[in-house]
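Since the structure of chain A is already known, use the hints to place chain B on it.
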Amino acid sequence: MINVLRYVAGVLLGAVIVSAAAAELRGTGDLGIVVERASGSVAVVDTSKRSVLGRIQGLGDLSHASAVFSRDQRFAFVFGRDGGLSKIDLLKMTVAKRVLQAGNSIGGAISDDGALVAVSNYEPGGVRVFDADTLTPVADIPAIGAGGKTSKTVGLVDLPGRRFAYALYDAGEIWVADFSQGDTPRLTKLAGIGRLPYDGNVTPDGRHYLAGLFGEDGVVHVDMWKEPLAAKRILNGYGRGEEPLPVYKMPHLEGWAATSDALLLPAVGRHELIAVDPRRFDEVGRVATYGQPVFAVARPDGRHVWVNFAHPLNDTIDVVDVPTLNVVHRFKAGPAVLHLEFTPRGHEVWVSVRDADRVQIYDTATFAKKAELDVASPSGIFFSARANRIGQ
Amino acid sequence: MIAGHAAAGEVPDTSRLSHLVRQECGSCHGLALTGGLGAPLTPDRLARWDREQVAAIILDGIPGSPMPPWRALISEGDARWIADVLKRGTLP
Numbered sequence: 016m017i018n019v020l021r022y023v024a025g026v027l028l029g030a031v032i033v034s035a036a037a038a039e040l041r042g043t044g045d046l047g048i049v050v051e052r053a054s055g056s057v058a059v060v061d062t063s064k065r066s067v068l069g070r071i072q073g074l075g076d077l078s079h080a081s082a083v084f085s086r087d088q089r090f091a092f093v094f095g096r097d098g099g100l101s102k103i104d105l106l107k108m109t110v111a112k113r114v115l116q117a118g119n120s121i122g123g124a125i126s127d128d129g130a131l132v133a134v135s136n137y138e139p140g141g142v143r144v145f146d147a148d149t150l151t152p153v154a155d156i157p158a159i160g161a162g163g164k165t166s167k168t169v170g171l172v173d174l175p176g177r178r179f180a181y182a183l184y185d186a187g188e189i190w191v192a193d194f195s196q197g198d199t200p201r202l203t204k205l206a207g208i209g210r211l212p213y214d215g216n217v218t219p220d221g222r223h224y225l226a227g228l229f230g231e232d233g234v235v236h237v238d239m240w241k242e243p244l245a246a247k248r249i250l251n252g253y254g255r256g257e258e259p260l261p262v263y264k265m266p267h268l269e270g271w272a273a274t275s276d277a278l279l280l281p282a283v284g285r286h287e288l289i290a291v292d293p294r295r296f297d298e299v300g301r302v303a304t305y306g307q308p309v310f311a312v313a314r315p316d317g318r319h320v321w322v323n324f325a326h327p328l329n330d331t332i333d334v335v336d337v338p339t340l341n342v343v344h345r346f347k348a349g350p351a352v353l354h355l356e357f358t359p360r361g362h363e364v365w366v367s368v369r370d371a372d373r374v375q376i377y378d379t380a381t382f383a384k385k386a387e388l389d390v391a392s393p394s395g396i397f398f399s400a401r402a403n404r405i406g407q
Numbered sequence: 520m521i522a523g524h525a526a527a528g529e530v531p532d533t534s535r536l537s538h539l540v541r542q543e544c545g546s547c548h549g550l551a552l553t554g555g556l557g558a559p560l561t562p563d564r565l566a567r568w569d570r571e572q573v574a575a576i577i578l579d580g581i582p583g584s585p586m587p588p589w590r591a592l593i594s595e596g597d598a599r600w601i602a603d604v605l606k607r608g609t610l611p
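In the order they appear, the protein sequences are chains A and B. One gets the working numbering by counting positions in the first sequence from 1 and adding 15 to each. One gets the working numbering by counting positions in the second sequence from 1 and adding 519 to each.
In isolation and in its complexed conformation, chain A is listed as follows (with noise of 0.2 Å):
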């Protein structure tokens, strides 16, 4: 008897704690997921108190996932590597819708109006729109190029006017689809832009579209503001005709430097950062870099480029100063460093070091590392903040 009582005490207790942490109010501005690679899974941080709050687990092959957020930086949108996409809730910390659209995806991407969001996909190509909500189906394009050939999809981004922009790798096109006018898109081709475009890009204005060719030795530049949309060629021949070294992993364009001095992009089989000049897209200079650059992320203030780099130079970081493009830190952070992410105002930026399991963070004014949190191989950092950001 009084074992029982003891375990209906138990119980209430338990009862009054889990419903006062249910009652704990708390904001999600400054919360964020990381992406654990091997495990299908993301870990839910508090970028103020630099901490794992939780984890959710079941959101299939992670081996390439991005994420975007809902408009109330309640719900990040988590897309897998196996098509899945993952409506996750970061208050509650459980999966709150999941579909399984394709059969390979690479990201996605949601409109200004928080309404649709859409998953590019590699298998069976094209791009898929679901609602926000129900992640019940809207619209599925199909991306078949010019010469009649299917093609995965890369570089998709929100454009203002519930739009998206997207490259098509193997067709060698740019296509606007506009849904300004309701569920079924307006498309715009762009076709014959170059070859293998591999990834794309929206400055933080929503005006100027560049996708990075891997075929060619050049990038693509679309300026949405100007009709009717033309592709141009911008940085051609940037590798003067030099053998290229060889890319153990692509570039990425997501995340990239733009500053309201320049754009630095990395160049493909070089161990550069290309600067373009933001308004005329002509090259303004190179910055020398201690590998094959993947991403280059600007500091929310512009000032300074933070860069990692491909495989087997991937321990390392460089920090570029913008106004004098120098490498002004160099360190190695730690084994496969794959992503940063910089805090909404940049005071703070978060590492993933894959072969440490540990995300690293530093203050970036003073380099210093200010904590370690433990995370099975992380790959991808997104915090709410890019809620509220044009082309994330």
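Where hints are given, some of them may not hold.
[Said to hold, decoys possible] Derived contacts from chain A toward chain B, CB cut-off under 7 Å, selection only:
| # | residue |
| --- | --- |
| 1 | D76 |
| 2 | S78 |
| 3 | H79 |
| 4 | R96 |
| 5 | N119 |
| 6 | F229 |
| 7 | P261 |
| 8 | K264 |
| 9 | H326 |
| 10 | L328 |
| 11 | F382 |
[Said to hold, decoys possible] Calculated cross-link-like contacts (lysine to aspartate or glutamate; reagent style EDC-like; alpha-carbon spacing at most 20 Å):
| # | chain 1 | residue 1 | chain 2 | residue 2 |
| --- | --- | --- | --- | --- |
| 12 | A | K241 | A | D292 |
| 13 | A | K264 | B | D579 |
| 14 | A | K164 | A | D185 |
| 15 | A | K264 | B | E543 |
| 16 | A | K204 | A | E258 |
| 17 | B | K606 | B | D569 |
No lab work stands behind these hints: they were computed from the structure. Cβ atoms here follow ideal geometry from the backbone N, Cα and C, with glycine treated the same way.
For chain B alone, kept in the frame of chain A given last:
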């Protein structure tokens, strides 16, 4: 070279190679090797090539495509071991 080459006749460091294939090859071909920007590396997809051909692609890449030559980072013995386990589907 940090990774270290297995000289001819030397036993490949299978745990290092397995990690390399999953993580570094996986960045294009998928962690599960079922494909990404690069083609799937599943036994059925590789059946059209023999072991030496797969090893040659690993070592020398495919010019004009994003597949890079890995010769500077791994030995011929390493490449043959990778070709074998991929063709058999027995990557540890």
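Results for each hint:
1. At about 6 Å, the closest approach between the beta carbon of D76(A) and any beta carbon in chain B falls short of 7 Å, and the interface hint on this residue holds.
2. The beta carbon of S78(A) is positioned within 7 Å of a beta carbon in chain B (closest approach about 3 Å), and the interface hint is therefore held.
3. For H79(A), the suggested interface contact is upheld, since its CB lies about 6 Å from the closest CB of chain B, less than 7 Å.
4. The beta carbon of R96(A) comes within 6 Å of a beta carbon in chain B, closer than 7 Å, and the hint placing it at the interface holds.
5. For N119(A), the suggested interface contact is upheld, since its CB lies about 6 Å from the closest CB of chain B, less than 7 Å.
6. For F229(A), the interface hint holds, since its Cβ comes within 7 Å of a Cβ in chain B; the closest pair sits about 5 Å apart.
7. Because the closest C-beta pair between P261(A) and chain B is about 4 Å apart, less than 7 Å, the hint holds.
8. Against a cut-off of 7 Å between C-beta atoms, the interface hint on K264(A) holds, since the closest Cβ of chain B lies about 5 Å away.
9. Using the Cβ-Cβ criterion of 7 Å, the hint placing H326(A) at the interface with chain B is satisfied: the shortest such distance is roughly 5 Å.
10. For L328(A), the interface hint is violated, the least distance from its beta-carbon to any beta-carbon of chain B being 10 Å, above 7 Å.
11. With its C-beta approaching chain B no nearer than about 24 Å, F382(A) sits outside the 7 Å limit, and its interface hint is violated.
12. Between K241(A) and D292(A) the CA atoms are separated by roughly 18 Å; this keeps the pair inside 20 Å, and the hint holds.
13. As the CA atoms of K264(A) and D579(B) are separated by approximately 16 Å, the hinted pair is consistent with the 20 Å bound.
14. Note on K164(A) and D185(A): the hinted pairing holds, with a Cα-Cα distance of about 7 Å set against a maximum of 20 Å.
15. Proximity of K264(A) to E543(B) is assessed by CA-CA distance (about 7 Å); at most 20 Å being required, the pair is judged to hold.
16. Between K204(A) and E258(A) the CA atoms are separated by roughly 32 Å; this puts the pair beyond 20 Å, and the hint is violated.
17. Taking the CA atoms of K606(B) and D569(B), the gap is about 8 Å. The hint holds against a cut of 20 Å.
In terms of the numbered hints stated before, the structure departs from hints 10, 11 and 16, listed from lowest to highest.
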